[in-house]
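Peer 1: What follows is the residue order along each chain.
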Amino acid sequence: MSVTLALVVGGLTSVGVYLITSRSLTRMLLGFALLGHAAVVALLAAGGEAGERPISGDAPVDELSDPLPQAFALTAIVISFGLTLFLLALARRQAQLTGDDLVEDDLEDRRIALETEAEGDDA
Amino acid sequence: MIRGRSPVVRSAIRAASPLALLVAAFLFFAGHNQPGGGFAAGLVIGAVVALRTVAGIGRPQDATRWFAVGTALVSVVALASLLGGEPLLDQVIVSETLPLLGKVKSGSALVFDAGVTAIVVGLFVAVFDGLDADELGRDEVQV
Amino acid sequence: MIWILLVAHLVGVVAVLSLPNPRPAFAVALAAPLASAVWAASRLGGGETDTARLDWVEGLDLAVSFRVGPLGALLAVLVSGIGVLIFVYGHGYFGGGDRRGFAATLLAFSGSMLGLVWADDVWTLFLFWEATSVTSFLLVGTKSTDSAAVTAARRALLVTVAGGLVLLAGLLVLVDVAGTATLSEMGPVTGDQATVAAVLILVGAFTKSAQLPFHVWLPGAMAAPTPVSAYLHSATMVKAGIVLIGVMHPVLGAVDIWSGLGVTVGLLTMFWGAIGALRHADAKLVLAWGTVSQLGLMTAMMSLGSGKAIFAAVSLVVAHAVFKAALFMAVGEIDIRTGSRDLRSLSGLRTSMPVAFWVMVFAGLSMAGVPPLLGFPAKEAAIEASLKETGASGDLILAGVTIGSVLTVAYTTRLVLALFSDKGGESTEVAPFRWAAAAPSVLLSALGVVGYALAPSVTDWVVPAATTLETASAGYALLRWPGLDSTAFWISMGIVAGGAIIGAAAARHSSPPEPVGANNVDRLVDRTLDLAKWTTGRVQHGSLPIYLVVMALVASLAVIPFLGSIDTDQLHTWDRPLQAGMGTTVVAAAIAVAVIRSRIGAALALGVVGLGVSALFLIQGAPDLALTQLLVETVIVVGFVIGLGGLTTQFPANGFVWRSVRIGTAVLAGAAVTVALLASAEDTPSNRESLTAAAVDEGGGNNLVNVILTDLRALDTLGEVVVLVVAAMGVLALSRADTARGGGAPLSDDVRKVRR
Numbered sequence: 388m389s390v391t392l393a394l395v396v397g398g399l400t401s402v403g404v405y406l407i408t409s410r411s412l413t414r415m416l417l418g419f420a421l422l423g424h425a426a427v428v429a430l431l432a433a434g435g436e437a438g439e440r441p442i443s444g445d446a447p448v449d450e451l452s453d454p455l456p457q458a459f460a461l462t463a464i465v466i467s468f469g470l471t472l473f474l475l476a477l478a479r480r481q482a483q484l485t486g487d488d489l490v491e492d493d494l495e496d497r498r499i500a501l502e503t504e505a506e507g508d509d510a
Numbered sequence: 028m029i030r031g032r033s034p035v036v037r038s039a040i041r042a043a044s045p046l047a048l049l050v051a052a053f054l055f056f057a058g059h060n061q062p063g064g065g066f067a068a069g070l071v072i073g074a075v076v077a078l079r080t081v082a083g084i085g086r087p088q089d090a091t092r093w094f095a096v097g098t099a100l101v102s103v104v105a106l107a108s109l110l111g112g113e114p115l116l117d118q119v120i121v122s123e124t125l126p127l128l129g130k131v132k133s134g135s136a137l138v139f140d141a142g143v144t145a146i147v148v149g150l151f152v153a154v155f156d157g158l159d160a161d162e163l164g165r166d167e168v169q170v
Numbered sequence: 132m133i134w135i136l137l138v139a140h141l142v143g144v145v146a147v148l149s150l151p152n153p154r155p156a157f158a159v160a161l162a163a164p165l166a167s168a169v170w171a172a173s174r175l176g177g178g179e180t181d182t183a184r185l186d187w188v189e190g191l192d193l194a195v196s197f198r199v200g201p202l203g204a205l206l207a208v209l210v211s212g213i214g215v216l217i218f219v220y221g222h223g224y225f226g227g228g229d230r231r232g233f234a235a236t237l238l239a240f241s242g243s244m245l246g247l248v249w250a251d252d253v254w255t256l257f258l259f260w261e262a263t264s265v266t267s268f269l270l271v272g273t274k275s276t277d278s279a280a281v282t283a284a285r286r287a288l289l290v291t292v293a294g295g296l297v298l299l300a301g302l303l304v305l306v307d308v309a310g311t312a313t314l315s316e317m318g319p320v321t322g323d324q325a326t327v328a329a330v331l332i333l334v335g336a337f338t339k340s341a342q343l344p345f346h347v348w349l350p351g352a353m354a355a356p357t358p359v360s361a362y363l364h365s366a367t368m369v370k371a372g373i374v375l376i377g378v379m380h381p382v383l384g385a386v387d388i389w390s391g392l393g394v395t396v397g398l399l400t401m402f403w404g405a406i407g408a409l410r411h412a413d414a415k416l417v418l419a420w421g422t423v424s425q426l427g428l429m430t431a432m433m434s435l436g437s438g439k440a441i442f443a444a445v446s447l448v449v450a451h452a453v454f455k456a457a458l459f460m461a462v463g464e465i466d467i468r469t470g471s472r473d474l475r476s477l478s479g480l481r482t483s484m485p486v487a488f489w490v491m492v493f494a495g496l497s498m499a500g501v502p503p504l505l506g507f508p509a510k511e512a513a514i515e516a517s518l519k520e521t522g523a524s525g526d527l528i529l530a531g532v533t534i535g536s537v538l539t540v541a542y543t544t545r546l547v548l549a550l551f552s553d554k555g556g557e558s559t560e561v562a563p564f565r566w567a568a569a570a571p572s573v574l575l576s577a578l579g580v581v582g583y584a585l586a587p588s589v590t591d592w593v594v595p596a597a598t599t600l601e602t603a604s605a606g607y608a609l610l611r612w613p614g615l616d617s618t619a620f621w622i623s624m625g626i627v628a629g630g631a632i633i634g635a636a637a638a639r640h641s642s643p644p645e646p647v648g649a650n651n652v653d654r655l656v657d658r659t660l661d662l663a664k665w666t667t668g669r670v671q672h673g674s675l676p677i678y679l680v681v682m683a684l685v686a687s688l689a690v691i692p693f694l695g696s697i698d699t700d701q702l703h704t705w706d707r708p709l710q711a712g713m714g715t716t717v718v719a720a721a722i723a724v725a726v727i728r729s730r731i732g733a734a735l736a737l738g739v740v741g742l743g744v745s746a747l748f749l750i751q752g753a754p755d756l757a758l759t760q761l762l763v764e765t766v767i768v769v770g771f772v773i774g775l776g777g778l779t780t781q782f783p784a785n786g787f788v789w790r791s792v793r794i795g796t797a798v799l800a801g802a803a804v805t806v807a808l809l810a811s812a813e814d815t816p817s818n819r820e821s822l823t824a825a826a827v828d829e830g831g832g833n834n835l836v837n838v839i840l841t842d843l844r845a846l847d848t849l850g851e852v853v854v855l856v857v858a859a860m861g862v863l864a865l866s867r868a869d870t871a872r873g874g875g876a877p878l879s880d881d882v883r884k885v886r887r
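Chains as they are written, first to last, in the numbering used here: chain U, 388 to 510; chain X, 28 to 170; chain H, 132 to 887.
Hints are computed from structural coordinates only; laboratory data are not their basis.
This one's a predicted model, so the numbers in the text were calculated from it and none came from an experiment.
Don't take each hint at face value.
[As the list claims (entries may be wrong)] Just the calculated beta-carbon pair ranges, DEER-fashion: (1) H:S729 - X:V36: 21 to 31 Å; (2) H:V281 - U:T485: 12 to 22 Å; (3) U:L494 - H:L258: 31 to 41 Å; (4) H:V788 - X:L48: 50 to 60 Å; (5) H:L141 - X:A52: 56 to 66 Å; (6) X:A52 - H:L258: 20 to 30 Å; (7) X:V36 - U:L501: 31 to 41 Å; (8) U:L494 - H:A784: 21 to 31 Å; (9) X:D89 - H:L141: 39 to 49 Å; (10) H:V788 - U:E502: 23 to 33 Å; (11) H:G695 - X:V36: 52 to 62 Å; (12) U:L501 - X:D89: 40 to 50 Å; (13) H:D307 - X:A52: 19 to 29 Å.
No residue lacks a Cβ here, since even glycine has one placed at the ideal position from N, Cα and C.
Looking at chain U on its own, in the form it has when it is part of the complex (with noise of 0.2 Å):
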């Protein structure tokens, strides 16, 4: 396996993890897509070594690149497409309603924990 395309891997996937834990949602975004760039370069990674593009008569049958992970990888890119428009619509539809893009606290979760904090106090 390169070397090489597994640590862009692990670059990508830092990058993405970063962002996802951001407040903003069009930071996630981006690091959503920055995951899913990480993921169909892992599949390539993981579908041995590079060659000729896989269209058959082209080259000799040893020679071609394997076409099944990029087969994955297609559907891996398509589906990360998928979730990053509706990733940014989510983040549209958060603007129009608060003017930023920020994920607040799950408002039900606050309540339960600011419930048990008074009752710590109590006790």
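Please build the complex by placing chains X and H on the supplied structure of chain U, with the hints as guidance.
Peer 2: Same frame as chain U, now just chains X and H:
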């Protein structure tokens, strides 16, 4: 960034649209033997829809129709093979000689791909459905 | 016929609920149990077996399967026969009012119980087992305005459903070790796995049949209306555990721990239940604790597993169903006609309620095991079964049964004496007699005498039922008069005499009622809920970023085991040198995405990442991917700029600590993914050749990737298309939702409050 109402851009988009559609058609039919395919074609058509919407040339139609057509095509191909007693999604191959593209050997996979294309286009239409004219105008001012 | 009867219960439920007039609710409801009882009674004593089976998922051995043999017929007579009487009694007990919902629930319960005793498939058994738990919960909580009833119902549900889960685990293990889910096809199993199954199944049975320490739900369930108590605690609910132990006996009886555990718990329960019955002053609670005690004896006998013991257990099930239902009904009648069940205050009932008095006397004598009543031969059989056991354990069992029986006689004596004694002062006022509330109990207590008189016939019904569980049960009989040379007879007489003396003494001293054990369960439940709330408050603070950091950290730790398995032989620096250059560009652009604080700039950097990845695809030899990636990236960047370009706010800045945590997590996650990827490197031969051949022959195309997507693995693509459609629908819903409210609607108060 996008001078939505600028006449120059409008004309350019108008002129480019048929060409882009041609590219999409090529990608679509080439997909079986060359790089390309239904998804890529859908993206190009979608880009055309996007550009035309942003430039204010016509409004996109109802996205659900695209979904309906796409899902129907995909399902028909998927299930048709069952009627013939073949496994799910098994396809029929026909050989055809077309002008310009030469001999094309293809089959029901092409219909399946057409369904994918329709759904991708629908996705674009859906995204731009939400952008109403006012908002596009505001983008023009701010960006 | 099995199907018809079970479906008739279902139809009955619907019919009762849709009655235009509530009056005939109980009359309509008793049709299905009546039919079942008649059908089952016609099969008593015969040897024929009916089966009904509906295969659901054949490959998984999932089926709904019933088998009605002698045991099924006998139990069905009890379940449905007493059910019919309960419906008659219910009509008298409630007097009037709209009881359609109650009657329907009771009928649903009755049908579930019937399905349970007829089940021939462990999953069918479990299904009906749970159905009885749920319907009994509804029945116990009938008075939903009474908080005691609600607590009691919750307690019953928690204990029985928890037991149901344990039972499910046991059944899963059992099916695995037995190799089939059909009860009648299972052979005896032994071994470690069988031991685990045995313990789990026993615990399940203990919860349902109120054995120590799970008995706490049963006395609380007395908050239910008396028809429910009379039904649940005589013929049905609590017998489910006993029946389960019985039907599992042929399969698990050979497991070492089976009889030891069952007998120990059973005898302890018998003792403790009897003590409980002696302590309480509420007549219904006395009966409830008495039920716990009796169930202990049945559990002990059923799990003891010798031919005589199984025979005794089945006889006890029959006798107990008859006399306990009668006792509950009589107490219920006293309750509705005087408004009290307190042993210390009720006075003069012997003259004012003679019917209830005689019912209590006869049914009580049957419970105490005195001739000439059905309880006597059944109790005799139990004592004889204990006598047959040899060695120290045999002596212990005999001692346990004897002590338990003495106490049983004692609490029965105390109950009858205290309930009907004259306390001095005025007699308790009594409401008018209702025949519907009294007739069923008269019939049942009379059955005690008739059953004794017809003991040979009863034997003919019980023996075939017992022999389906244990072949050694054949040849035993219920003896009306064992003879003066029988040891068991003298033990019996000693028990009756001793118990009567203790009971008469106890009748004069009534201790105040106090709930035992139940509070602990309630406290446990409350504590658990508090703990859940506390944990939720601490762990689930509602911040998405923190959740994500925790998840990323934990997921990163999962890679540790793989650290050692990186095989450097499988690795090389790069496939082609260009990869290094392009890879550096991609990572640099990715970092730029995170660093740039303007939206447009970040989007453009993302575009660069996409282009770089595209180039990596080309280098790798994947033009399809490169083309698609290029188009996707363009669309996303454009969509980003159009969709969010109008948003002018800056990304919020973070504190130093939080930022460091995020960076640390990110680096760790990246490293983890790299390690996992490198560790997974393996030189497996590609199946390019076969794929190529398949693509050209079957798919009719040369572009292998495309043929794979549209033909060879088109199902994946179908799934992908579905994902796209779902995402698109989401986009559509979001973008169409009230676009008029654009540009910063006012925040709600709630949002503002928690905002930090």
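Peer 1: Looking back at the numbered hints, which does the structure fail to meet, lowest number first?
Peer 2: 2, 6, 7 and 13
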